[in-house]
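**Q** Each chain, written out:
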Amino acid sequence: GENVEQHPSTLSVQEGDSAVIKCTYSDSASNYFPWYKQELGKRPQLIIDIRSNVGEKKDQRIAVTLNKTAKHFSLHITETQPEDSAVYFCAAINDYKLSFGAGTTVTVRA
Amino acid sequence: GAVVSQHPSWVICKSGTSVKIECRSLDFQATTMFWYRQFPKQSLMLMATSNEGSKATYEQGVEKDKFLINHASLTLSTLTVTSAHPEDSSFYICSARNSGSTDTQYFGPGTRLTVL
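Protein chains in written order, with the numbering used here: chain Y, 530 to 639; chain P, 76 to 191.
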């Protein structure tokens, strides 16, 4: 099955700085890579996604890049704000099944 | 659109009892629903894939006789935790795939199960 690795496990940034989270996947058949933000006790919320035929996608302060050859994808958050503090999960879809990374706890210091 | 609800949002039960959790897609038809379990400070782990009108497909290591899944309609899937034990205490989250979409899954709000 698919194996998604995510780094770092924790990330502390100063407000206004950028945050970068990196993930790798194992199955070259995976073709859809969503990113989720989860606040404590709540459901994961889709914040951005990218498909395997696209290399980069941006939505305001959030961007995702995908290197299909290297099986790497990354989340970039610019101009971080305190409300960006949460746990972020990367995921990969293969045959409709989502495999999640271990998560990154992001803390934005005011 | 694309709202998924879960009921109950939290439940506390005694060891040995069974608990049923419902997952509903409110404004779309979901051919496929997924059940995840999330322990504190851990990631979401897929337990099973539920297809309307057919038997669920369980992930390796998940006991199908303990976690009974029924997907009787295009908008409802249920997960029953039978003979619950304290180690089953967890956050259970369902997701639903819109029949008209190939990839996007919409998550329910989760159910916090505590087994005493």
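A portion of the hints provided could be inaccurate.
To be verified - 27 angstroms max Cα-Cα, derived BS3-like pairs, lysine-lysine:
(1) P:LYS141 to P:LYS130
(2) P:LYS116 to P:LYS130
(3) P:LYS95 to P:LYS141
(4) Y:LYS600 to Y:LYS626
(5) Y:LYS571 to Y:LYS587
(6) Y:LYS571 to Y:LYS626
(7) Y:LYS586 to Y:LYS566
(8) P:LYS116 to Y:LYS566
(9) Y:LYS587 to Y:LYS551
(10) Y:LYS586 to Y:LYS571
(11) Y:LYS571 to Y:LYS551
(12) P:LYS139 to Y:LYS626
(13) Y:LYS600 to P:LYS116
(14) Y:LYS551 to Y:LYS597
(15) Y:LYS571 to P:LYS95
(16) P:LYS89 to Y:LYS571
(17) Y:LYS597 to Y:LYS571
(18) Y:LYS626 to P:LYS95
(19) Y:LYS600 to Y:LYS551
(20) Y:LYS551 to P:LYS141
(21) Y:LYS566 to Y:LYS597
(22) P:LYS139 to Y:LYS551
(23) Y:LYS626 to P:LYS130
(24) Y:LYS566 to Y:LYS626
(25) P:LYS141 to P:LYS116
(26) Y:LYS566 to Y:LYS551
(27) P:LYS95 to P:LYS130
(28) P:LYS89 to Y:LYS626
(29) P:LYS116 to Y:LYS626
(30) P:LYS89 to P:LYS116
(31) Y:LYS587 to Y:LYS626
(32) P:LYS141 to Y:LYS571
Said to hold, decoys possible - Just some of the chain Y residues that point at chain P, by a computed CB distance under 7 angstroms:
(33) TYR561
(34) ARG572
(35) ALA631
Honestly, the hints are just simulated from the structure, not real lab data.
Glycine included, every Cβ here is placed at the ideal spot set by N, Cα and C.
**Q** Failing hints, ascending?
**A** 2, 17, 20, 22 and 28
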